[in-house]
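Novice: Residues per chain are reported as follows:
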Amino acid sequence: MSEQLEPLKKKEISVNDVAFTQMETGDSVGLIGHLKGFWIPFSKMFKKTLTVEYPEVKAPTQERFHGRHQLNRHPDGLEKCIGCELCAWACPADAIYVEGANNTQDNQMSPGERYGKVYQINYLRCVFCGLCIEACPTRALTMTNEYELADDSRAKLIFEKEDLLAPLRQGMLMPPHPMYPGMDDSNYYKGDVKESHPSQDVK
Amino acid sequence: MTTEVVDMITVVIDGFEVSVPKGTLVIRAAEQLGIQIPRFCDHPLLDPVGACRQCLVDIEINGRAFPKPQASCTIPVEPGMIVKTQLTSPVADKAQKGVMELLLINHPLDCPVCDKGGECPLQNQAMSNGQGESRFEGTKRTFQKPVNISSQVLLDRERCVLCARCTRFSLQIASDPFITLNERGALQQVGIYENQPFESYFSGNAVQICPVGALTGASYRFRARPFDLVSTPSACEHCASGCDMRTDVRRGKTLRRLAGDDSTVNEEWNCDKGRWAFKYVTAVDRLTSPLVRNANGELVSASWPEALAVAAKGLKASKAAVIVGGRATYEDAYGYSKFARVALGTNDIDFRSRLSSEEEREFLAAHVVGSTTTYLDIDRADHVLLVGFEPEEESPIVFLRLNKQVRKRALKVTAIATKLSIGVEKLKGEFVKTAPGQESAAIAAQSLTAKSVILVGERAAESAGSLSAVAALAASTGAKIAWIPRRAGERGALEAGAIGNLLPGGRPVSDAAARVDIAAVWGTDSLPANLGKSISEIISATNSGEIGALLVGGVDPLDCDNSQAFLAALDRAFVVSLEIAPSYVTQRADVVLPVAAITEKSGSFLNWEGRARSFDAAVSDSLNRSDLRILSMIAEEIGASVNLATVTSAIKEIASLGKWEGARAAFTHVSAQAAPALNADQFVLTSWRRLLDMGTLQAGEENLAGTARKTVTVISPSRAQALGVSDGDLLKISTSLGSVTLNALVEDIHDDAIWAPRNSRGSQLLINLGVAHGAVVTVVKA
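Chains as they are written, first to last, in the numbering used here: chain A, 24 to 226; chain B, 43 to 824.
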């Protein structure tokens, strides 16, 4: 084995040893040659263009494009994130920071015992690989198609939980509020909760 | 126990031969070969139980095979044994996978919300020795989750695999059987007694050894994952037991501490105070910049050069003394010791910011400094005598060690005390009842041998004559003496010479050769030769105007019995205070210099054995300086050279000093004071501090405080009857300074004595009464 594993010898090549090749400069192309060349752009003027006037016009991305993340909600508005940090664990770029906390009776943010108190994604680090959304056990973290992620300071590119949370849709209530009456966290995961219940509106 | 001849037995495991001592369990023999058999219930320090069945292996002895796989954690090796683990036996492998599948049937698999996720033996072994798929399609058994079994421990019964580690620990190691397995079959569960929560001083160990997330700590609940944490080996700063610890830090904040594994000291255990009382570093308003008192008498923040200049000027202006608390590290205490001699030119330094006596100071110099009694001596003792020492409350790991020996070989323990304590009851100790202050006669009456050990607490100093009696008893019987202070830094401070009668390394101040020794290393011409003042002498000399400046580091004046005089002295003198947070001292100080807390610096403590327990900074990016560094800077301003900028330089210098081989300081015997005559409503007060109380280092830990023992006052049956008091009645204890009113508990205590916790909620004796031990108090039914 050892004979076969001899290290490669470094090639010693100095600038002087490099061979230069003279460029061939032929005769003039002539008028026909010029016309041929101009014909190509001229002919393209009457064809449909592929480019768009960004930002006035925004082309839709592919459906499964990896854009900005979103923290989803259950149909009654409770957060799906349980602060388990599996996304942070999966992240190859160390772009996610999570702190979990205890749901209490007065402060129920998600079904069950635990919710994500602090949730930050650093878009200066994120490589949009999607391993985080694969790791998420509650489907709390998904990716949107939003790609406009540029700003003028580093701090603005660390997205907080408020920046990432999905908006409240029809039938959702802003947490904290209690779980749907008669349901526990496993019902939420099974999809038994379809909308909020009037008793959940504690405000 | 001299060197025993150990029978070695050779067995074959997975085709490899290994020789192990007789009685070794198969699972442990396999470890010797690096073969990991999966397990949950097995723990090297607990008795085997074979509860989880995860460690099944195929065993054959002299050609006869067991018909079924056997639990390798319960079977000791035998000659001719051939063991096949999951690595070589498909039967064992299938059996283990089957057990794993059964264990997971009722496990909720809620790893994402479980604190154990990421460091869970069940997760890891399900991956390594499970089969990935479950054939179970029914509904899992559910329980209410989580249940608070104490304010600091949460129980999730769904996750439990019934390994009985927690219940065995509580019964076998801590002797606190407050937790047990109830019910049978699928409903079997860990439970507590209805009326008695899991209030053990050692409950945190049950959390640490739980192989699943069934027991979790309230303070670490949902705080982090293992990959978030930066772990640093550290030492416990709470008592003189000297536990090895691990500190886990996330973003510059300590999130949890775990017991480290040091078989010679704490084995794998620690107490709840060491485990959970760490928030004081961040809970209190830390001092961030130096403060200097201005012309209007207000403390205002100042720059370091300005503060150091004012401090140096003030300390130089008049005769100065040093008071350093028992919480300083060995190196810091050495810094104070050197600073006092070199920069202030005085031996007036004392680390005993508590009740102390001159008898104690002489005893420490004659019998304690350089002492080599260790935990091993407790293991080998034929009889242990406790004097002024309550192991469970004052040095919990010493208690665990005593308890281990009591359980293993019925070690005889005798406690000379005023009151029978829970700890001594658990140790099945003989309780020698004495009146407060009259301990010396009882000590003298003890018969010990050369194999006995006398464990002397710092409270022995509170009864005149106790330490003299101990010294005499040790001299006449050859028994070993071990002095076990409550605070972590006291032994180190003693060895560092932060006391008026000793120089570093136990060199008596009175010995000219010793002074020359030290002066040579310190590069000074000479050292002060007169005996330094003790803390109470420093306080009275300050009040009389003899001492004009004080350097105070990490001291709470209310820990001393003459606290009013101490506060007056602080008001009167020019005070330089080195502190982490505002205190009674900083309020009265002229210069306040903020110092690093334990987690922010490196250093070491000497535990009661004199064993160095060194630690590194757990929070590496702190800008706070250690006491040592600041003392060097003040010395430079004064124009003296202490030159101990780093811990390393202090360690080097201490090593170069070496040990003192000369004669020890003399010890003058003191006799006990006569018992006072008491009226019907008069008692002699006796007290000690409980492990969990109002201590400064327990600030901000509500969960921990929740398991503190109830504050009661203890009175003897006959006196209770005379006063017409029964359990639960209120008793008012008063002195000329003030009073406390507590619930009475009628228990075994000397008729002359009344006991109350020294620093618990509602019973801060030194503040409320101004006395703590040996003083006559008036007790009336409230």
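Hints listed in this document are in silico derivations from the structure and should not be mistaken for laboratory results. Any given hint could turn out to be false.
Reference listing, derived: stretches of chain B covered by chain A, where coverage requires no fewer than 3 residues with Cβ under 8 Å from a Cβ of chain A [as the list claims (entries may be wrong)]:
1) 302-311
2) 676-689
Okay, the calculated bits of chain A under chain B, using three or more residues with CB under 8 Å as the criterion [stated by the list, open to error]:
3) 51-59
4) 63-71
5) 169-179
Result set (EDC-like, lysine to aspartate or glutamate): computed pairs, CA atoms no more than 20 Å apart in a straight line [unchecked claim]:
6) B:493 / B:567
7) A:140 / A:174
8) B:64 / B:135
9) A:184 / A:122
10) A:140 / A:169
11) B:446 / B:404
12) B:358 / B:327
13) B:187 / A:208
14) A:213 / B:179
15) B:752 / B:723
16) A:67 / A:79
17) B:321 / B:348
18) B:295 / A:169
19) B:321 / A:183
20) A:184 / B:270
21) B:752 / B:419
22) B:182 / A:207
23) A:71 / A:86
24) B:446 / B:218
25) B:355 / B:120
26) B:182 / A:174
27) B:823 / B:769
28) B:187 / A:129
29) B:182 / B:161
30) B:136 / B:89
31) B:355 / B:793
32) A:140 / A:122
33) B:182 / A:129
34) B:446 / B:120
35) B:187 / A:207
36) B:454 / B:419
37) A:140 / B:789
38) B:187 / B:218
Glycine residues also receive a C-beta, built at the ideal position from the N, C-alpha and C atoms.
Novice: Next step is simple, just say for each hint if it's right about the structure.
Specialist: Against the structure, the hints come out as follows:
Chain A is given as covering the region 302-311 of chain B, and this is violated because 0 residues of the stretch bring a CB closer than 8 Å to a CB of that chain, at least three being needed. Coverage of the region 676-689 of chain B by chain A is violated. Counting CB-CB distances below 8 Å, 0 residues qualify, and the rule asks for three or more. Check on the region 51-59 of chain A: 0 of its residues sit with their Cβ under 8 Å from a Cβ of chain B, so the three-residue criterion for coverage is violated. Figure legend: the region 63-71 of chain A, annotated as covered by chain B; annotation inconsistent (0 residues with Cβ-Cβ distances under 8 Å, at least 3 required).
As drawn, the region 169-179 of chain A meets chain B at 0 residues by the rule of a beta-carbon pair under 8 Å; below three, the given contact is violated. A threshold of 20 Å between alpha carbons decides the hint, and for residue 493 of chain B with residue 567 of chain B the separation of about 45 Å lies outside it, so the pair is violated. Note on residue 140 of chain A and residue 174 of chain A: the hinted pairing is violated, with a Cα-Cα distance of about 25 Å set against a maximum of 20 Å. A threshold of 20 Å between alpha carbons decides the hint, and for residue 64 of chain B with residue 135 of chain B the separation of about 27 Å lies outside it, so the pair is violated.
Restraint check: the Cα-Cα separation between residue 184 of chain A and residue 122 of chain A comes to about 11 Å, which is no more than 20 Å; the hinted pair holds. The hinted pair formed by residue 140 of chain A and residue 169 of chain A fails the criterion: a straight-line CA distance of about 24 Å is larger than 20 Å. For the suggested pair residue 446 of chain B and residue 404 of chain B, the alpha carbons sit about 33 Å apart, so the restraint of at most 20 Å is broken. A threshold of 20 Å between alpha carbons decides the hint, and for residue 358 of chain B with residue 327 of chain B the separation of about 31 Å lies outside it, so the pair is violated.
Taking the CA atoms of residue 187 of chain B and residue 208 of chain A, the gap is near 12 Å; set against the 20 Å cutoff, the hint holds. Straight-line distance between C-alpha atoms of residue 213 of chain A and residue 179 of chain B comes to about 16 Å, which keeps the hinted pair within the 20 Å bound. A distance of roughly 24 Å separates the Cα atoms of residue 752 of chain B and residue 723 of chain B; the hinted pair therefore is violated under the 20 Å criterion. Under the criterion of a C-alpha separation no larger than 20 Å, the hint pairing residue 67 of chain A with residue 79 of chain A is inconsistent with the structure, at around 23 Å.
Distance check on the hinted pair: residue 321 of chain B and residue 348 of chain B sit about 31 Å apart at the alpha-carbon level, beyond 20 Å; violated. For the given pair, residue 295 of chain B sits about 36 Å from residue 169 of chain A by alpha-carbon distance, which is inconsistent with the 20 Å threshold. Between residue 321 of chain B and residue 183 of chain A, the direct Cα distance comes to roughly 27 Å. Violation of the 20 Å bound is thereby established for this hinted pair. Between residue 184 of chain A and residue 270 of chain B the CA atoms are separated by roughly 19 Å; this keeps the pair inside 20 Å, and the hint holds.
Only pairs whose Cα atoms come within 20 Å are accepted, and residue 752 of chain B paired with residue 419 of chain B is rejected, the gap being roughly 34 Å. Using a Cα cut-off of 20 Å, the hinted pair residue 182 of chain B and residue 207 of chain A holds, with the two alpha carbons roughly 15 Å apart. With a C-alpha separation of about 24 Å, the suggested pair residue 71 of chain A and residue 86 of chain A falls outside the 20 Å cut-off, and the hint is violated. Restraint check: the Cα-Cα separation between residue 446 of chain B and residue 218 of chain B comes to about 13 Å, which is no more than 20 Å; the hinted pair holds.
Distance restraint check for residue 355 of chain B and residue 120 of chain B: the Cα-Cα separation of roughly 76 Å exceeds the 20 Å cut-off, and the hinted pair is therefore not satisfied. Restraint check: the Cα-Cα separation between residue 182 of chain B and residue 174 of chain A comes to about 50 Å, which exceeds 20 Å; the hinted pair is violated. A C-alpha spacing of about 12 Å is found between residue 823 of chain B and residue 769 of chain B, which places the hinted pair at or below 20 Å, so the restraint holds. The straight-line distance between the Cα atoms of residue 187 of chain B and residue 129 of chain A is roughly 18 Å, inside the 20 Å bound, and the hint therefore holds.
Of the supplied pair hints, the one linking residue 182 of chain B and residue 161 of chain B is violated, its CA atoms being roughly 24 Å apart against a limit of 20 Å. As the CA atoms of residue 136 of chain B and residue 89 of chain B are separated by approximately 27 Å, the hinted pair breaks the 20 Å bound. Annotation: proposed proximity of residue 355 of chain B to residue 793 of chain B is violated, straight-line Cα distance about 55 Å (limit 20 Å). This hinted pair checks out: residue 140 of chain A and residue 122 of chain A have alpha carbons roughly 6 Å apart, not beyond 20 Å.
A hinted pair counts as satisfied when its Cα atoms are at most 20 Å apart, and residue 182 of chain B with residue 129 of chain A does not qualify at roughly 29 Å. About 27 Å separates the Cα atoms of residue 446 of chain B and residue 120 of chain B, which puts this hinted pair outside 20 Å; it is violated. For the suggested pair residue 187 of chain B and residue 207 of chain A, the alpha carbons sit about 12 Å apart, so the restraint of at most 20 Å is met. A C-alpha spacing of about 14 Å is found between residue 454 of chain B and residue 419 of chain B, which places the hinted pair at or below 20 Å, so the restraint holds.
Of the supplied pair hints, the one linking residue 140 of chain A and residue 789 of chain B is violated, its CA atoms being roughly 49 Å apart against a limit of 20 Å. Taken as a hint, the residue 187 of chain B and residue 218 of chain B pair is broken in the structure, with Cα atoms around 24 Å apart against an allowance of 20 Å.
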